[in-house]
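Chemist: Here is how the chains run, residue by residue.
Protein chains: 2
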Amino acid sequence: MLLADIGNTRVHIFDGKNVLHLSHEEAIAGYHTVPLLYICVNQAVKSHIEYLALWEDISCCLSLKGEYATMGVDRKALCLSHTNGIFVDAGSAITVDIVKDGVYQGGFILPGIKAYLESYKTISPALDIELNRECSLSSLPLTTKDSVSYGIIASIKAVLDSHKTDLPLYFTGGDGEWLSSLFPDSKFDELLVFKGMQKALKDKSC
Amino acid sequence: MLLADIGNTRVHIFDGKNVLHLSHEEAIAGYHTVPLLYICVNQAVKSHIEYLALWEDISCCLSLKGEYATMGVDRKALCLSHTNGIFVDAGSAITVDIVKDGVYQGGFILPGIKAYLESYKTISPALDIELNRECSLSSLPLTTKDSVSYGIIASIKAVLDSHKTDLPLYFTGGDGEWLSSLFPDSKFDELLVFKGMQKALKDKSC
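Quick note, the sequences are listed as chains B and Y, same order.
For the record, in the first sequence the residue sitting at position 95 is 94 according to numbering that gives the first Met the number 0, with numbers rising by one throughout.
For the record, in the second sequence the residue sitting at position 135 is 134 according to numbering that gives the first Met the number 0, with numbers rising by one throughout.
Rather than coming from a laboratory, the hints here were simulated on the basis of the structure.
Every clue listed holds true.
In this list, chains with the same sequence are indistinguishable; a pair is considered to hold if it fits within one copy or across any two.
Think about it this way: if two alpha-carbon atoms lie no more than 25 Å apart in a straight line, the pair counts; the simulated DSS-like pairs of lysine-lysine are:
| no. | residue 1 | residue 2 |
| --- | --- | --- |
| 1 | Lys163 | Lys64 |
| 2 | Lys186 | Lys163 |
| 3 | Lys186 | Lys198 |
| 4 | Lys144 | Lys163 |
So that you can see chain B by itself, here it is in the shape it has in the complex (with noise of 0.2 Å):
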């Protein structure tokens, strides 16, 4: 069964071995005759793709010990992959969630790399600038383009690095693999949420 997780700006849809990234609008064209199991964080979509007959939500599935009310279904799906972990999903957002016995501790949000770079634009033409991803963090920039690269890269290290403990460090989403490099002892896996819906889907009969 094809299983898809619908983002704000992307859907996510894995066939048991490969991951394919779409846009909403491919993944409708091309997907809405098949039968699909979804979760969905996207109230605009949400709304079109409730009458697709073959399209199933399992949001309902998704139970995690902890979770607060208004906790999006995908950090959901991302907390019940692993029994113990702090999971970051770098899409859209950076999503940052802490996991210790199957329990959720808590999180918080950042903006998205690209959310990051737009709100710089905002600011000022000068900030204007395309992330120097190679920027070096080992001394304090120079330029005006590795002062944003580095404020970027830079404040979402430590704020990871300060709530480093002995729970292991999980990577996902587009920029999931590029961060994960910053972390010598974290794991990349682009099929976390997946691994999540799949351990819903078995423990509940839904």
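Take the given structure of chain B and dock chain Y to it, following the hints.
Modeler: Just chain Y now, kept in the frame of chain B:
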């Protein structure tokens, strides 16, 4: 003599005692008939005010050892205010600059608080929140509002903590006083930029 620090969104005018915070329009309408020395980082405003006979741009007087070519003149002024320090200007952007023995060591830029909040809003309507400035940093959040507030505040705090040295930590700017309260040994001084301008005027013959 009046001094003015013309920023991206506001004009800050110092009369030797108090600082007035005005919109660009208010500042020009209220003060164009008065002699005033200014620095300006807003190119659009700069092209308007260069025709004001009594306003003088003193950017060329501001010279900082170790500065880089495209460094904002307000950051240079800030760095001239003390011979040693970590200088945080929390306005439209949050700039962080380090000076040791009068020599600029480098710096980085974070979005300002307002820009952070706007960036979350662009990601999803669910993240359109007002900052909870009282958000606790000692326990992980369990609401969306606090997840966003914590993300902003904890990442700024963590990246500043990771640069902590024996240099004094100074804050200025609209959110400077509040941010300063998160760092026990720091000092808030809304006059830092003006002190740097005064030093430059004293040292140079311009």
